[in-house]
Amino acid sequence: MRTLIFAVLCAAAVQAHAQERPIAFVGATLIPIEGEVIENGTLLVQSGRIVALGAAIDIPANAELRPVEGRVILPGLVDTHSHIGQVAGADMSGPIQPDVRALDAINVRHAGMLKARAGGITTVNIMPGSGHLLSGQTVYLKLREGNSIEDLAIRLDDGSLAGGIKMANGTNPLRPTPFPGTRGKSAALMRAHLVSAQEYCAKVADRKLAADKRPPRNLGLEAMCEALDGRRIVHHHTHRHDDVLTVLRLAREFDLRVVLHHVSEAGLVAREIAEAGAMASIIHIDSPGGKLEAMHLLPDNGLRLAQAGVLFAYHTDDPITDSRLFLRSAAMGVRFGLDRDTALATLTLNGAKMLDLEQRVGSLSPGKDADFVILDGDPLSVYTRVLETWIEGRQVFDLADPAHALLATGGYGAGRDSVATEVIQLEAMQ
Amino acid sequence: MSRLLLMISCLLLAPWAAAADLAVFAGRLYTQAGAPIDNGVVLIRGGKIVAVGRRGEVALPPGILTLEAAVVTPGLIDARTVVGLSGYMNQPHDQDQLEISAPMQPQLRAVDAYNARERLVDWLRELGVTTLHTGHGPGALISGQTMIVKTLGNNVDEVMVKPAAMVAAHLGPGAFGAENRSPGTRAAQIALLRQQLIKAGEYRDQQSSRKAEARPARDLEMETLVEVLAGRLPLLITAHREQDLRSALRLREEFAIRIVLDGAAEAYLMTDAIAAAGVPVLLHPPMARQFGELENASFTTAKALHDAGIPFALQSGFESYVPKTRVILWEAAIAVAYGLPFEPALASISSQAAEILGIADRVGSIEPGKDGDLVLFDGDPFEYTSQVVGVIIEGALAD
Chain G
1 MRTLIFAVLC AAAVQAHAQE RPIAFVGATL IPIEGEVIEN GTLLVQSGRI VALGAAIDIP
61 ANAELRPVEG RVILPGLVDT HSHIGQVAGA DMSGPIQPDV RALDAINVRH AGMLKARAGG
121 ITTVNIMPGS GHLLSGQTVY LKLREGNSIE DLAIRLDDGS LAGGIKMANG TNPLRPTPFP
181 GTRGKSAALM RAHLVSAQEY CAKVADRKLA ADKRPPRNLG LEAMCEALDG RRIVHHHTHR
241 HDDVLTVLRL AREFDLRVVL HHVSEAGLVA REIAEAGAMA SIIHIDSPGG KLEAMHLLPD
301 NGLRLAQAGV LFAYHTDDPI TDSRLFLRSA AMGVRFGLDR DTALATLTLN GAKMLDLEQR
361 VGSLSPGKDA DFVILDGDPL SVYTRVLETW IEGRQVFDLA DPAHALLATG GYGAGRDSVA
421 TEVIQLEAMQ
Chain F
1 MSRLLLMISC LLLAPWAAAA DLAVFAGRLY TQAGAPIDNG VVLIRGGKIV AVGRRGEVAL
61 PPGILTLEAA VVTPGLIDAR TVVGLSGYMN QPHDQDQLEI SAPMQPQLRA VDAYNARERL
121 VDWLRELGVT TLHTGHGPGA LISGQTMIVK TLGNNVDEVM VKPAAMVAAH LGPGAFGAEN
181 RSPGTRAAQI ALLRQQLIKA GEYRDQQSSR KAEARPARDL EMETLVEVLA GRLPLLITAH
241 REQDLRSALR LREEFAIRIV LDGAAEAYLM TDAIAAAGVP VLLHPPMARQ FGELENASFT
301 TAKALHDAGI PFALQSGFES YVPKTRVILW EAAIAVAYGL PFEPALASIS SQAAEILGIA
361 DRVGSIEPGK DGDLVLFDGD PFEYTSQVVG VIIEGALAD
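These protein sequence lines map, in sequence, to chains G and F. The working numbering puts the first residue of the first sequence at 1, with every later residue one more than the last. The working numbering puts the first residue of the second sequence at 1, with every later residue one more than the last.
The hints are simulated quantities; they were obtained by calculation from the structure and are not laboratory data. Hints are not guaranteed to be accurate.
To be verified - Here chain G is said to cover these stretches of chain F; the calculated rule only asks that three of the stretch's residues, wherever they fall, bring their Cβ under 8 Å from a Cβ of chain G:
| hint | segment |
| --- | --- |
| 1 | 286-294 |
| 2 | 328-334 |
| 3 | 382-388 |
For every residue, glycine included, the Cβ atom is placed at its ideal position computed from N, Cα and C.
Starting from the given sequences, assemble the full structure and let the hints guide the process.
Written as structure tokens, this is what we have:
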């Protein structure tokens, strides 16, 4: 009975987002990512889903027609690593905090969320930072318009909110006690935590265990059970080649599903990454260095991964790069040798795979969510602008709207997302 | 005679001495000194441009080395950077762009801190930057001096164009004193600056006293500010908020000094006042992060300055993290994508930058008599997927 009510509620929630009347976007170049480019094509969406696309599809008589001749339609962009929404995770009380959830920290009205829509981003993995070995649970969102994190959340079949786990190694988590001081200690702390999680999860799963022998609920270890059984993907910040191998070693030992993030020295261990079957979420940075671990990060990182057969995606790491310039990352990949088709997949379908969402987003395919971007030209050209962003059949960004245009370019008031607190803070200090 | 000998020895030592004379053919040649030339050619001898024109109309010495590219532009000028003082590793040993032991240290010279072999210098050169206005960065009320160098050469003397270019100042919270030291407010910053400039004026007056005993001992800080008061060194004032930009204009009025605005994120709010003052702007990189002091920055500010007729140049600026430097070619591209026309954009990283920096007699355009600094592209310089296919500095083809 309880499940039934829950299912009904879920259905109602989906309907609240659904758009009933079909909409046909007519005359655009459709880049489906899966499948060939369709010139002068029509994209038909209804109830939040893609119904059909093609050069000659039947348009229902009641459909709203939207002429988009000369435009280019791309699937909504998927950003696998972002810090928009004023996200924060773990605090400084310890290096491993899997109980902390990004979803409890996010301000859905933060300007960064609105700017990401202006960049064509529709699905985003918002993560806590990399100053911890494990800084908390990440959250996968659709950038729908909404008042609460629940309005934006992506729900799994069981109704739970989709997300991963953020882990990091290398220099970022090295700090005074109780944080690790060396790489060896980092790995040892993480292994010890995973071992205790294995033991906890085994006890919880053991139906024969008497009630008084069952461990008390532990929110952190519960999340670790979801990582250990593969429901939660581990998003692992790592830069140096040896740190990358440490991640792969941990993943092998504990059977974790990992996505490698940043992977600045991927080129040195691309074969090992490919053999492990790991995916890589990388960033384009305009010059090498800025921190020692990124001293060898060059813009051909994506090319080297592609050549080794590693599936990779770009991410913004917003605010490291601006969500509004996400298309640029892939274009710069092309400048440094990547082929165009791979480049476009790195902004869409490849990212969806890293979030276990490829059945729902990442390509223009019938049955998938109606998440797409309307551009005024080649997605990989500097001169191309995002004109509109649609999520589940609803327009969430329109460059023709002056309020949206302000966010798209910046300008007076575009960045203001909190009250000025400096004076109050000064008074409070006295 | 001695002068002639000096010239010869300079030729032997200079990096272009080994470089042959060369001719560069361009499908489209943007000279930045008149309209672009289709099927153009540039002839370089002894490191200098000696002839520019249409292919076939310029006589070329037989057997001369030739290069060819779809598009050729002047060598690019980064109008404000800290590269060379600030290194790519971002560790204490390679960060010399800011010294915070005192709020005002105009006596700090860029020449004493520049690492010509810094990897970021190579990085920028490979992306078409041939001239850098580099030196002390933002972060202190007066952080020190700047200078102008070329990007090809092994030491600062070899690459020097102008050893003292400007004196760098910074208004706003980014230049408040560390650990609650003064200045801790905007008003305190201006009070300190005004007092110091007044003091420099008194020092100057006392130095010119007829009585030797009335002349104060040499003071390097005061000497530098006297150059500012005399208008020989412009005060390069980093300011982003409108109130800080207006304070900068007020200082200029009070002391009749030359100023150049740096950063200027909110300049679009007050283009009339900036244009009326005739003050040039070294605009923040369009991709500079739009938060903090730059929360109101816009991709469209370059266009706004252009529309208002304000002379401006683009800069890579200062970055404290990744990317450790921005690249003006890619920054100008964003300005173009957001409304700045092509040729003013190219001017903002070549001819216009040279004018503002006072080096237009040597660089910034492709004209006879100017340095042989060129960038070769395989297409539209601003398109994401175009490539820089060659960089020539004073006639030498850089790797």
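Hints and how they fare:
| no. | hint | verdict |
| --- | --- | --- |
| 1 | 286-294 | holds (count 5) |
| 2 | 328-334 | holds (count 3) |
| 3 | 382-388 | holds (count 6) |
The structure is consistent with each of the numbered hints, conforming to all of them.
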